[in-house]
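In the order they appear, the protein sequences are chains D and X. The numbering used here puts the first residue of the first sequence at 55, with every later residue one more than the last. The numbering used here puts the first residue of the second sequence at 55, with every later residue one more than the last.
Don't take each hint at face value.
Copies of the same chain look alike in the list, so a pair counts if it works inside one copy or between any two.
[Stated by the list, open to error] Restricting the straight-line Cα-Cα distance to at most 27 Å, the calculated cross-link-like pairs of lysine-lysine (BS3-like) are:
(1) K74 - K194
(2) K293 - K159
(3) K159 - K349
(4) K349 - K270
(5) K159 - K288
No lab work stands behind these hints, which were simulated from the structure alone. Quantities reported herein were computed from a predicted structural model and do not represent experimental measurements.
The primary structure of each chain is shown beneath.
2 protein chains.
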Amino acid sequence: MKIAIYGYGNLGRGVECAAKQASDVELVGVFTRRAPETVKTLTGVPVYAASDILSHREDIDVLIICGGSATDLPEMTPALAEHFNVVDSFDTHARIPEHFVNVDKAAVASYHIALISCGWDPGMFSLNRLYANAILPDGKDYTFWGRGVSQGHSDAIRRIPGVADARQYTVPITAALDAVRSGTMPELTTREKHLRECYVVAEEGADLAAIEETIKTMPNYFADYDTTVTFISKEEMDKKHGELPHGGVVIRSGRTGLSSEHTHTIEYSLKLDSNPEFTASVLVAYARAINRMHKRGVTGCKTVFDVAPADLSPLTAEELRAHML
Amino acid sequence: MKIAIYGYGNLGRGVECAAKQASDVELVGVFTRRAPETVKTLTGVPVYAASDILSHREDIDVLIICGGSATDLPEMTPALAEHFNVVDSFDTHARIPEHFVNVDKAAVASYHIALISCGWDPGMFSLNRLYANAILPDGKDYTFWGRGVSQGHSDAIRRIPGVADARQYTVPITAALDAVRSGTMPELTTREKHLRECYVVAEEGADLAAIEETIKTMPNYFADYDTTVTFISKEEMDKKHGELPHGGVVIRSGRTGLSSEHTHTIEYSLKLDSNPEFTASVLVAYARAINRMHKRGVTGCKTVFDVAPADLSPLTAEELRAHML
C-alpha cells in the first residue's frame with residue numbers, strides 16, 4: 055500500500071515514523087505548503103509542493119491529511135477527497151456532523167473513500183464508548199483526559215501579555231477516578247474531574263500576579279477548574295516540558311440482572327509518551343483498512359464506527375482467528 | 055428483532071435479562087433439552103422443547119446458543135446454523151479454527167450468518183488485542199484474568215475424593231500488573247502473573263492435608279501457580295461464594311518514534327459482578343449486528359473481528375457520529 059502525507063508538522067512526522075514500522079506500507083512522499091526545499095524529512099522521504107499533488111494521483115493509495123482542525127481540515131479534506139482516498143484527524147467534536155456531510159459529498163461523487171475524525175479522541179475513545187454502550191445499555195459514561203499537554207490551553211496562556219512561553223497539563227483527579235471505578239456511578243462536576251497545571255515562563259519585568267489572575271479567571275479554559283500556576287525559567291521549560299505526553303480513560307459502568315442487581319465496569323485507558331506519534335499510528339492502521347475497503351468497492355465518508363476491526367491488521371483472517379481470538 | 059435462547063443455564067438466563075434491557079429486541083422463547091414443563095423462566099417467556107425448534111424457524115431472526123464449549127457447541131452450532139442465524143460463545147481457543155470451518159460450511163450452504171466465540175475472552179479481549187496490535191506493531195501483549203471464579207478449576211477440585219464443594223478464584227498478581235503498566239515490557243512466568251485461591255468444603259472425616267496436596271500438585275490446573283487452599287463450612291461457602299464475578303485486563307505496550315524513543319500503553323479492563331450476565335450482554339449486542347448484516351446479504355461464519363462497531367448499537371449512524379464520536 056502506498057501512502058503520502060499532506061502537511062508536515064508533529065503529526066506528519068509521526069505518520070512518517072509509523073509508516074516505517076508497517077511492513078506493508080510504503081511512504082511515497084510528503085506534501086507541504088512551505089517551499090519543499092526548506093523541509094527536511096526524518097527518513098529522507100521526498101518532499102513535494104502541496105500544489106503539485108494532483109500530478110501524483112497514480113502513486114498514492116491513501117493520503118493522510120495532517121492539518122489542523124480549526125481551519126485546515128474543513129477545507130482540505132473535502133477538496134482532496136475529490137481526487138484521493140483520504141484519512142484525517144478532525145477533532146472538533148461539535149462540527150463533526152457538518153464535516154461528515156461535506157466530505158461525504160466529495161468522496162461519493164468521485165468514487166473515493168474518506169475516513170474522518172480518526173485518532174484517539176475522537177477515535178479509539180469513541181469506539182470504546184460505542185462498544186461499552188452497546189453492551190451495557192443501562193449505565194453511565196465517563197471520560198477523563200491526561201495527565202497530558204493540552205496544546206489549546208498552552209496557546210491560550212501564551213497569548214497573555216507578559217508570557218514568553220507556557221505549558222498546560224490536564225490532570226485527572228484521583229478521587230474522581232476512584233469513585234467512578236468503584237461502580238457507584240457518581241455525578242461529577244467539571245471541577246471535580248480535572249485539575250489544570252500551568253507552567254509559565256514570564257518576560258522580564260512582567261507582573262506575575264496579574265498573569266496568574268488572568269489565567270485562573272479565563273472563561274471556558276480555566277475558570278471552571280482548580281488551576282495551579284508555576285513560574286519557571288526558560289531553561290527549566292526546555293529541559294522538563296519539551297515532550298507532548300497525553301492519554302486518558304474512558305469508563306462505563308452499567309447494571310444487569312433481573313433487578314439490576316449486578317454492576318459491571320468497562321475501562322479503556324491510554325498512557326502516551328507522544329500524543330502526535332500515537333495519533334499517527336492510529337491513522338496508519340486506518341489507512342490500511344480504508345485501502346482494503348476501497349478495493350472492495352466501498353466509497354463515501356466513513357468513521358472508525360464503520361470499519362470492521364479485521365481490516366486494521368496486516369494479518370490474514372485465519373491468522374487473526376488462530377492467534378488473537 | 056426476534057431472538058430465541060437455545061439452552062437455559064446461567065448464560066441463557068443472562069441473555070433473558072439482557073434482552074429485557076434492549077428496546078429493539080423481542081425474546082420469543084427458550085428452547086431446552088429438559089422437559090419444558092420443568093423449566094421456569096425468570097420473565098415468563100415461553101419454554102419449548104429443543105427438538106421442536108424447526109417449527110419456530112419463521113419466528114426467530116437470531117438464535118443465541120447457550121451451550122458448553124467442551125461438547126455442546128461443536129455439535130450444536132453447525133447443526134443449528136443450517137436453519138438459523140446463530141451466535142455462540144465457543145471459548146476453547148485452540149479449537150476455534152476447526153469450529154470456524156464447520157460452522158462456516160453449514161452457514162454458507164444455507165445462506166445464514168453465524169457469529170462464533172463471542173463474549174469477553176474470546177470476544178472483547180480479542181478485539182482489544184487486535185486493535186492494540188494494529189496500532190502499535192512494535193510491542194508486547196499481556197492478558198491477566200480475575201479476580202474471578204474459574205468454573206473449570208472449581209470443577210477440578212470438586213472431583214477430588216473427600217471434597218463436597220469448591221470455589222477457585224484466579225487472582226492477578228499486583229506486582230506483575232504494576233510492572234506491565236510501567237511500560238517496561240517485562241518477561242513474566244505463569245507463576246508471576248496469577249495466584250489461585252481455593253475455598254473448599256470437605257466431607258466429614260476427609261483427610262484435609264491430602265486434599266490440599268492433591269490440589270497444589272495437580273498438573274495444568276495448579277502445579278505451575280502459587281495456590282492457597284482454605285477449608286470453610288458449607289454455610290460460609292453459600293454465604294460468601296455464591297456469585298460468579300470475573301474480569302481481567304488486556305495490556306499492550308509498544309514503542310514509536312524514529313529511534314523507538316516513545317513508549318505507549320493501551321489497557322482494557324473489565325470488572326464484572328456476574329460473568330454470565332456480562333457475556334450474555336455481549337451476545338445480545340452481536341445478535342443485533344448479525345441480524346443487520348444478514349439483511350444486507352452477508353452469510354457464513356464470522357467473529358467479532360468481522361463486525362463493524364456501528365452495527366452493535368441501536369442508534370443510527372447520524373446519532374452515533376453526533377453523540378459518541
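Hints versus structure:
1. K74 - K194: So K74 and K194 pass the 27 Å test across copies only (18 Å; inside, 40 Å).
2. K293 - K159: Neither: 47 Å inside a chain and 62 Å across chains, both beyond 27 Å.
3. K159 - K349: For K159 and K349, both the intra-copy (20 Å) and inter-copy (26 Å) Cα distances are at most 27 Å.
4. K349 - K270: neither (52 Å within a copy, 55 Å between copies)
5. K159 - K288: neither (48 Å within a copy, 68 Å between copies)
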